Amino acid sequence: MADDAVAMGIDLGTSYSCVSLMIDGKPTVIPNEWGDRTHASVVSFLQDGSVLVGNAAKKNIITNAENTVYSAKRLIGRYFFSDEVKKAQAMMPYQIVEGPNNAVRIRAGGQELSLPEVSALVLREMKAIVESYLGREVTKAVITVPAYFNDNQRQATKDAGRIAGLEVLRIVNEPTAAALAYGFGRDVAQRVVIYDLGGGTFDVSILEIGKDVFEVLSTAGDTYLGGDDFDDRIMTWLADDFQAKHGLDLRQNKFCLQMLKEAGEKAKIDVGRDGQASIFIEGICQDAAGQVMNLEQSLGGDQFNKMVMDLVQRTFKVCDEALQSARMTVGDIDAVILVGGPTRLPIIRNSVKHYFQKEPIVGIDPDEVVAMGASIQAHALLDETTAATSTLLDVTPLTLRIGTVGGFTEKIIDKNTPIPIEKSKPFTTSRDGQDRVKIKVYQGEDNKAEGCELLGEFEFTGFRVGYRGDVKIDVTFEIDSNGIVNVSAADAESGQKTSTTISLSSGLSEKDIEAAAARNARTKVEDSIEAVG
Amino acid sequence: MVDLAFEIETEALAQVLDSLDYFQVLKVAQTASPGEIKAAFYRESRAYHPDRYNALPPTPFKDNAFKIYKRITEAYVTLRDDRKRQRYLADVTGPDRDRKLRFDEESEQETKAAQRRQIEEQFGQTPKGRQLYQQAMKDLEAGRVDAAVRNLKTAVMFEPANARFKEALAAAEKKVVHDFRVK
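Residue numbers (numbering that gives the first Met the number 0), protein chains in the order written: chain A, 0 to 532; chain B, 0 to 182.
It is possible that part of the hints are untrue.
Residues from chain B that face chain A, not an exhaustive set, calculated with beta carbons under 8 Å [to be verified]:
#1 R45
#2 H48
#3 P49
#4 D50
#5 N53
#6 A54
#7 L55
#8 T72
#9 E73
#10 Y75
#11 V76
Think of the hints as simulated: they come from the structure by calculation, not from any bench. Values in this document were obtained by computation on a predicted structure and should not be read as measured data. We treat Cβ as the ideally placed atom computed from N, Cα and C, and that holds for glycine.
Hey, can you work out the whole structure from these sequences and the hints?
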């Protein structure tokens, strides 16, 4: 490998992001100029058209609420009509509007942005941190996503990388990256479970780690469950209590809501660390007489545990699923690795210990391990010597399906199938002289189309035209190493490739990406020092 | 850089890929244990996994390796599952081997349909027919020949084309005549 070839590993999180590089053969988290090792995934659009990204932008969530975008990862790759988007519209202070093809757009700072464009600003910040650390340009990166992300979400994340001016070497699953970091330099043969509770998503992966092979046996997840939901519980409790005492609903005001949210997050961290938390929000609102009111509360450990017990239980349902898919029981697991900030909570640690009947591995930083694993993989992918480094064998998290008559679907590739893989399926025409065939592709575990995520509608043309049932085309479904789905078709008789167009998709077109990349490069990212000061 | 011998081997393998069964793709015996299949998957992954060649510029070698690797995962998915493996082994040792080198859930559906047909042939296509036939068999066992004949006649009314029902009816009717003669 060329000496100057470097590639970074980026953990693009719902709440925080982290970036790492291989330095002297070791994965190393790169801090920014102020020594921060993790960076809030927050983008704040300022009046003068420039933007603020990271921990400095997080401070603006309250003061510049309408123009400060956070938790963009909850929305990336989703359709405008999805439940998650509706939920976000009610919660988020920034405006979420509908774009073309059912896409989601954010309106902030006087412009409309797609989600990949917002995430691209966070990625650009990570790129800048690495570049100022090394003192030169770095354009190659591995970006991690939750293992349970579907094709739309993976594709959108990859687009975000391109918009940020990065060559995305690979999209890697977060738990797989964590396992890679755990196994790095450790000569073990173990079956490990990665329990990854992030800010907005929950993943479980079971891996078999050998000397130089990391095989993912199964993965399961919930992209609607994360640390944010724990904050929400505290927030709801505070708001209900305040309403009972003073008759004022703080949730009616988005400004109050943000203060509550921040207090909720802080209380969660405090109660996890100290076993109890004191909450004090000065001047949260005014009463009818114009009197300024404060919110004061204290939260005990047991009380908090009761509030979130059902959320914790939900994670174990997902663990059950992962074990079942891997055809294992907890007795088969050699090690448990915790990933994600919320796993610092004693209630999580204790519950995980009980569930797996094993003490989780200590000495792994749950905030940094994913980025570290990503940088190991980035380094390996740059290796031109094709030397035998560790081989990563990952799986697809969701069943790939095609739409059939009556709103039903048919399985094409099962979930937990090793990738890359392909599967061909023959189709015939149903009318005389038919010159196009359309198929809808879905991902999900429901045999009804409405219970699955639509990846797109593909239209094939340019095959031989003939009588009905006479013309056969072979459609090939491929899932690549990124977990991204590619669909192509060929005339079964001649082998001639047919042309494929995607007529329905949540994603950005090639032209959109190029335009967004140009726009993104022009956007001035404010030096955070001014904002902090 | 890729070893020249390996490059040649890869090209040759890619060319004959469509005539190989999954055991040949993984380079294991048809009797290989699950452990041997896993070990073979690891061994072939080390050689062909696309990550290894990611940094190389696009070449025919890279395309070949990718094509082979996708077949390796396909082989592993089928052979690691006992049920699928059994079914696949029957496919590739049978007369239709050339058509069934790539395992298809559809062939599984075909088997299920064939099984269903077999059951239907054995016990009748209609619920009423099946019920009457079963009752007739019980009657025969218990020596109630008249009742059996009655039930079988009704069963044949439900399924006039069912050869098995007609056969059973003919046999039962013979019995009636025979019994009468003895008296």
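| request: List in ascending order the numbers of the hints, as given earlier, that are violated by the structure. | output: Structure breaks no hint.
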